[in-house]
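Visitor: For the first sequence, the numbering used here assigns the number 26 to the initial residue and increments by one for each residue that follows.
Honestly, the hints are just simulated from the structure, not real lab data. Keep in mind that the hints are not guaranteed to be accurate.
[Unchecked claim] Ranges of calculated distance between the beta carbons of each label pair, as one might list FRET restraints:
id : residue 1 : residue 2 : range
1  : Ala281    : Glu115    : 20 to 30 Å
2  : Ser240    : Arg59     : 46 to 56 Å
3  : Gly293    : Asp149    : 37 to 47 Å
4  : Lys323    : Leu47     : 47 to 57 Å
5  : Leu237    : Pro95     : 39 to 49 Å
6  : Arg37     : Ser240    : 22 to 32 Å
Ideal placement from N, C-alpha and C gives every residue a C-beta, glycine not left out.
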Amino acid sequence: MPECPELHLAGRFINGVCGGLLFTGGVERSAVGRGPEVPFRSEAYRISALARGKELRLTLSALDPAAAPPQDLVFRFGMSGSFRLSPAAELPRHAHLRFLTRESPPRALCFVDPRRFGSWRLGDAWQPERGPCVVSEYQAFRENVLKNLDDRAFDKPICEVLLNQKYFNGIGNYLRAEILYRLKIPPFEKARTVLEALKEQEQERRKKDPSLTLSKKVKLMQENPDLLELCHSVPMEVITADKQLFDPEDSDNYAAFKDWLRCYLVPGMSSLRDRNGRTIWFQGEPGPMAPKGQRPRKTPRKKSPQLKADPEAPAPKVSSFVAVFGCPVPCAL
DNA sequence: CGTCCACGTCTAC
DNA sequence: TAGACCTGGACGG
Numbered sequence: 026m027p028e029c030p031e032l033h034l035a036g037r038f039i040n041g042v043c044g045g046l047l048f049t050g051g052v053e054r055s056a057v058g059r060g061p062e063v064p065f066r067s068e069a070y071r072i073s074a075l076a077r078g079k080e081l082r083l084t085l086s087a088l089d090p091a092a093a094p095p096q097d098l099v100f101r102f103g104m105s106g107s108f109r110l111s112p113a114a115e116l117p118r119h120a121h122l123r124f125l126t127r128e129s130p131p132r133a134l135c136f137v138d139p140r141r142f143g144s145w146r147l148g149d150a151w152q153p154e155r156g157p158c159v160v161s162e163y164q165a166f167r168e169n170v171l172k173n174l175d176d177r178a179f180d181k182p183i184c185e186v187l188l189n190q191k192y193f194n195g196i197g198n199y200l201r202a203e204i205l206y207r208l209k210i211p212p213f214e215k216a217r218t219v220l221e222a223l224k225e226q227e228q229e230r231r232k233k234d235p236s237l238t239l240s241k242k243v244k245l246m247q248e249n250p251d252l253l254e255l256c257h258s259v260p261m262e263v264i265t266a267d268k269q270l271f272d273p274e275d276s277d278n279y280a281a282f283k284d285w286l287r288c289y290l291v292p293g294m295s296s297l298r299d300r301n302g303r304t305i306w307f308q309g310e311p312g313p314m315a316p317k318g319q320r321p322r323k324t325p326r327k328k329s330p331q332l333k334a335d336p337e338a339p340a341p342k343v344s345s346f347v348a349v350f351g352c353p354v355p356c357a358l
């Protein structure tokens with residue numbers, strides 16, 4: 026389930042559960058693994074991890090630095106990548122890269138990826154085209170978007186731009202739906218329109234600022250997060266959830282994740298294919314740039330008794346489209 | 001059995 | 001703007 030929360034949780038898992046472990050030997054690669062052999066070998070080494078958007082960097086460090094220089098690896102998870110720790114004697118299917126512990130019996134930290142859309146490369150370099158991480162580099166992320174609104178990339182509908190990793194590194198298909206849903210922004214509103222409005226809203230806030238205490242400012246921002254703030258805080262909800270939503274060990278977690286979703290895959294919501302063929306989930310108006318000749322699919326409202334919050338119920342305490350744009354209908358812009 | 005769908009990029013007409 | 005790249009789960013006949 027790899028969008029930035031899953032990459033960050035994988036990093037936390039590796040630093041936590043694997044942080045105390047010693048690894049040994051070479052790095053094993055499966056026959057079909059998409060990625061290079063890893064030219065690293067050490068009798069005793071540790072593994073640490075750092076996530077940035079939809080990439081995860083591992084650093085292999087020999088206990089004796091003279092014996093072998095550290096080796097960095099940068100992973101992308103594709104549609105199905107994950108890390109798991111399992112007994113070396115019973116490797117999971119599709120474990121394409123394996124790091125063996127020095128325990129007896131040994132275990133293996135595995136990069137598991139059934140569909141093989143994921144990959145790894147040697148070295149410490151993040152993919153250069155990708156922008157700052159929405160989770161770990163929030164301020165840089167925000168500035169990168171607001172400074173570049175004249176880029177043709179923002180001519181497109183907001184739902185498509187949210188998947189552009191040059192500006193929204195870490196956002197994927199479920200996050201874009203959840204983020205837009207919180208503000209009830211029509212997914213096919215033009216991105217620049219949405220984001221320019223946000224810039225002006227920022228100016229307004231500044232004007233009122235001097236009269237507010239810091240704590241009141243913080244409170245106001247938390248109660249009325251704008252689109253870019255939600256690009257940070259919505260993934261953070263997944264990362265910091267009390268009940269682990271993506272625990273590599275727990276298979277019960279998928280139910281918890283489904284329960285966290287308010288829009289994506291939720292009965293009663295609408296969905297459309299965007300211009301890249303990906304399904305965007307939303308509620309209400311699709312917006313002015315919606316692809317034509319496609320009936321919005323509305324999922325069956327209720328099958329059996331739904332415990333889910335009623336989608337028609339008033340939005341929780343976040344700014345609505347009306348509050349942000351000052352008009353009730355997107356077409357009136 | 002079959003068809004459709006999936007949390008993401010890539011490159012090639 | 002298609003496809004290509006893959007496996008597997010859900011669901012229909």
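Visitor: Compare the structure with each hint and give your call.
Guide: Hints, one by one, checked against the model:
In this structure, Ala281 and Glu115 meet the distance hint of 20 to 30 Å, their C-beta atoms being roughly 26 Å apart. Against the hinted window of 46 to 56 Å, the Cβ-Cβ separation of Ser240 and Arg59 comes to about 50 Å, which satisfies the hint. Gly293 and Asp149 have their C-beta atoms about 46 Å apart, which keeps the hinted 37 to 47 Å range intact. As the Cβ distance of Lys323 to Leu47 is approximately 54 Å, the hint placing it in 47 to 57 Å holds.
In this structure the hint that Leu237 and Pro95 lie 39 to 49 Å apart at CB holds, the actual value being about 47 Å. In this structure, Arg37 and Ser240 meet the distance hint of 22 to 32 Å, their C-beta atoms being roughly 30 Å apart.
The earlier numbered hints are all upheld by this structure, with none contradicted.
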